[in-house]
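Take the sequences, apply the hints, and build the full model.
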Amino acid sequence: MNKAKGLEVSLAIAEAVKQADVDVVAAYPITPQTHIVEELSVYVANGELDAEYVPVESEHSAMSAAVGSSAAGARTYTATSAQGLALMHEILFIASGLRLPIVMTVANRALSAPISIWNDHGDIMSERDIGWIQIFAENGQEAYELTIAAFKIAEDHRVLLPICVNVDGFILTHMIEPINFIDQNEVDKFLPPFKPALTLDPEKPVTMGPVGVPEVYIESRKQCEQALINSKAVVSEVLADWGQRFNQKYRLIERNGAASPKTVFITMGSMGETTMTAVKELEESGQSLGQVRIRLWRPFPKEEFLDAIKDVEEIIVIDRALSPGSHSGPVAQEIKALLYDQPQKPKIHNIIAGLGGRDVTVKDFKKMYEMARNNELDPNYTIWGVRSDA
Amino acid sequence: MLNHPGLENFEKITTKNIPTENYISQGHRACQGCAEILALGMVMKIAGPNTIVANATGCMEIVTSPFPQTAWKVPWIHVAFENTAAVASGIEAGIKALKRKERFKNDPPHVIAVGGDGATADIGLQSLSGALERGHNFLYVCLDNEAYMNTGIQRSSSTPYGASTTTSPTGSQSIGQQTWKKDLPAIAAAHNIPYVATANPGFHLDLMNKVKKALTIEGPAYIHIYSACPTGWRSKPEKSIEISKLAVQTNVFPLYEIINGRLTITKKINKPKPVREYLKTQRRFGHLSDNDINFIQQRTDARMAELQSLESSSQE
Ligand SMILES: Cc1ncc(C[n+]2csc(CCOP(=O)(O)OP(=O)(O)O)c2C)c(N)n1
Ligand code: SF4
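Keeping their order, the protein sequence lines are chains A and B. Under my numbering, the first residue of the first sequence carries the number 1, and numbering increases by one thereafter. Under my numbering, the first residue of the second sequence carries the number 1001, and numbering increases by one thereafter.
Incorrect hints may appear among the rest.
No more than 25 angstroms apart at the CA atoms, straight line, and that leaves these computed lysine to any residue pairs for SDA-like [unchecked claim]:
1) A:K204 / B:Y1256
2) A:K345 / A:P299
3) A:K204 / A:R158
4) B:K1105 / A:V44
5) B:K1099 / A:Y43
6) A:K204 / B:Q1069
7) B:K1105 / A:K222
8) B:K1101 / A:H157
9) A:K222 / B:T1070
10) B:K1073 / A:V216
Each pair of labels, with its calculated beta carbon distance range [stated by the list, open to error]:
11) B:N1270 / A:V216: 47 to 57 angstroms
12) B:P1237 / A:V216: 29 to 39 angstroms
13) B:K1182 / A:Q342: 55 to 65 angstroms
14) A:P114 / B:S1289: 49 to 59 angstroms
15) B:K1280 / A:Q226: 54 to 64 angstroms
16) A:H89 / B:T1166: 20 to 30 angstroms
17) B:R1234 / A:A337: 50 to 60 angstroms
18) B:E1277 / A:H89: 40 to 50 angstroms
19) B:S1157 / A:Q342: 53 to 63 angstroms
20) B:S1157 / A:V206: 29 to 39 angstroms
21) B:G1027 / A:Q226: 23 to 33 angstroms
Please keep in mind that the hints were generated in silico from the structure rather than gathered at the bench. The beta carbon of each residue, even a glycine, is placed where N, CA and C say it ideally should be.
As structure tokens, this is what we get:
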């Protein structure tokens, strides 16, 4: 890798897409995704990226055009946020159902109403069951690297599924970070040109997206699910290969902090970095705690997760999305369901924090820890930072 | 020639050179007398094997693709109801990029998007407009059977005034459909695309020549095809072609084309038949009174006069 260069993370993501030599970009602007797609259109306009840039009239059409171009055998990229992702909803299932390895950045943002351009995970949590591989980046370097790796994972013939790389809106997308870029020839060695399994080629006509009569629908869905389950091994393999080549170790689930902590925070996305600072400061004052980061959200890496918390007494799950009317946030629901079958269960606290871009600081995490210790948190979940005057 | 440099060496389809090959096979599940599948078959005859079809959800999608069977001999994709123009955009863009990068070896195929009137005039109008405006080199074919047939004959904005459908039923307070048919070809033409036409399988040579022109000319093309539907119109299956012809002979569905903005009526009807003759072939109009029919006659005449004046002004 080269020396680090300070760059806005959105531009680093665009650079990754360029280095992946995509054939088609179909996108519609929405804050905070815009800088990524603007930069890509500049690359195409300058001839730095030999691709078709399709400036569609909506996100629904962005995903539809992406489906068309991927089905035609073209390496295809798009990016969106919040309302845009929600507008794509219908077609997201079709992209995975047709087994098309589209790569999408989701610059995570809160869903309306009230309209908010700021970060939370409400957008992607509403798309939990779309059958896509879903990864969360913690920082700019990771967002850049995972974007390149995403193409390799999605296009692997054992997978052939779309993938979204989640990047916290503004908190990451608009941050200027030192980024180590990988040489183009190294990227080329890592990521060979896209070899689709089936395409819309008149030389070998295929029918894609036929009617799934009751006799075949379940089997078809089962196959897609199986592909998603199987993709976990491929994600591990590709990330291990990445680690070998570029010296960055990305695990599906990562545990940091004390060797055998009593308490761990569970986080996804950029909050991990703030949590780690809190964990370190608390450790210095003699507390035994750690942090578990979920990098791969779908398929959920059960074994890896259980392994990461096996000796822990208490977990504090931080959700950045609300699941109204449920007993906890979406990540905590996942974990509670998983732990139900386990002989030994840690105590689970669930905090919903940082909705609509509300800042969550090191001090907040310390306070959460203290409240968890003193059993002051709601047994179901606590929405953090709701002002009492509101 | 023919208002477009791309048509200079245009060789017309005649009874002598109609392609014999079909690209939608027999055994599809369309109803008896379905003129929609008939029209689509004609489109495909002209398009030929080097074609990719993107099909919106609707009758044609359903009747041709019950897995594990398919009626399609060319590559075909169905994605959803409202986005087939966007899917076609993606296919066209993908092939273009791959061709430039020398990863697609053969001649670029025709890209044809197919949708019903619901898929086109209502839910898919935005994606159609986007794709036409962006200038993709593709043909959009609207198969207009004047209602949502696949879901059971609900009205669309392309349903004609007075027709009874399951969501615009005739009743003591209603004549049935209360609005006039949306003028989709005019909307397509307003995008200033090089080729727009109306067609009708009752005039198969005219239809096929239009498809051929649309595919010959570079850029987006739109063909709006009148498609009789015995099931939805409650007409006799064996009468579909007769009804199709009557639609033109009564000026209910005039045939014209707009090449680079110049409108030509391609089937001139010197002595139009009264609309009554057309309306009485379909039970969806069975409840209409003489007054209603007179009203439809007046509007039909007025619309035809408008079209004729458009023709003469655009030929000047
Ligand atoms: C988003 C969405 N809304 C509704 C439907 C249900 N639906 C499927 S086909 C159809 C009507 C199709 O009508 P049209 O486009 O006129 O084609 P036809 O079946 O008449 O050929 C409807 C309403 C759907 N598939 N998707
Ligand atoms: S309902 Fe109408 S359009 Fe649909 S297959 Fe039957 S005849 Fe054709």
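Hints, verified against the model:
Between K204 of chain A and Y1256 of chain B the CA atoms are separated by roughly 36 angstroms; this puts the pair beyond 25 angstroms, and the hint is violated. Taken as a hint, the K345 of chain A and P299 of chain A pair is honoured in the structure, with Cα atoms around 22 angstroms apart against an allowance of 25 angstroms. A C-alpha spacing of about 22 angstroms is found between K204 of chain A and R158 of chain A, which places the hinted pair at or below 25 angstroms, so the restraint holds. Distance restraint check for K1105 of chain B and V44 of chain A: the Cα-Cα separation of roughly 23 angstroms lies within the 25 angstroms cut-off, and the hinted pair is therefore satisfied.
Distance hint between K1099 of chain B and Y43 of chain A is fulfilled; the C-alpha atoms sit about 19 angstroms from each other, no more than 25 angstroms. For the suggested pair K204 of chain A and Q1069 of chain B, the alpha carbons sit about 16 angstroms apart, so the restraint of at most 25 angstroms is met. At roughly 35 angstroms between alpha-carbon atoms, K1105 of chain B and K222 of chain A are farther apart than 25 angstroms, so this suggested pair is violated. For the given pair, K1101 of chain B sits about 22 angstroms from H157 of chain A by alpha-carbon distance, which is consistent with the 25 angstroms threshold.
Of the pairs offered as hints, the one joining K222 of chain A and T1070 of chain B holds, with about 22 angstroms between alpha carbons and a cut-off of 25 angstroms not exceeded. This hinted pair checks out: K1073 of chain B and V216 of chain A have alpha carbons roughly 22 angstroms apart, not beyond 25 angstroms. Our hint of 47 to 57 angstroms for N1270 of chain B and V216 of chain A holds, since their Cβ atoms are close to 54 angstroms apart. Between P1237 of chain B and V216 of chain A the beta carbons are some 30 angstroms apart, a value that agrees with the proposed interval 29 to 39 angstroms.
Between K1182 of chain B and Q342 of chain A, the C-beta spacing of about 60 angstroms keeps the proposed range 55 to 65 angstroms intact. Our hint of 49 to 59 angstroms for P114 of chain A and S1289 of chain B holds, since their Cβ atoms are close to 53 angstroms apart. Separation of K1280 of chain B from Q226 of chain A is about 57 angstroms and conforms to the stated range, judged on CB atoms against 54 to 64 angstroms. About 28 angstroms separates the C-beta atoms of H89 of chain A and T1166 of chain B, a value consistent with the hinted range of 20 to 30 angstroms.
Between R1234 of chain B and A337 of chain A the Cβ separation comes to about 53 angstroms, which falls inside the hinted range of 50 to 60 angstroms. Taking the beta carbon of each, E1277 of chain B and H89 of chain A are about 48 angstroms apart, inside 40 to 50 angstroms as hinted. Between S1157 of chain B and Q342 of chain A the beta carbon distance is about 57 angstroms. The supplied range of 53 to 63 angstroms therefore holds. Between S1157 of chain B and V206 of chain A the beta carbons are some 34 angstroms apart, a value that agrees with the proposed interval 29 to 39 angstroms.
At about 32 angstroms, the beta-carbon gap between G1027 of chain B and Q226 of chain A stays in the expected band of 23 to 33 angstroms.
Of the numbered hints given earlier, the model fails hints 1 and 7; all others are met.
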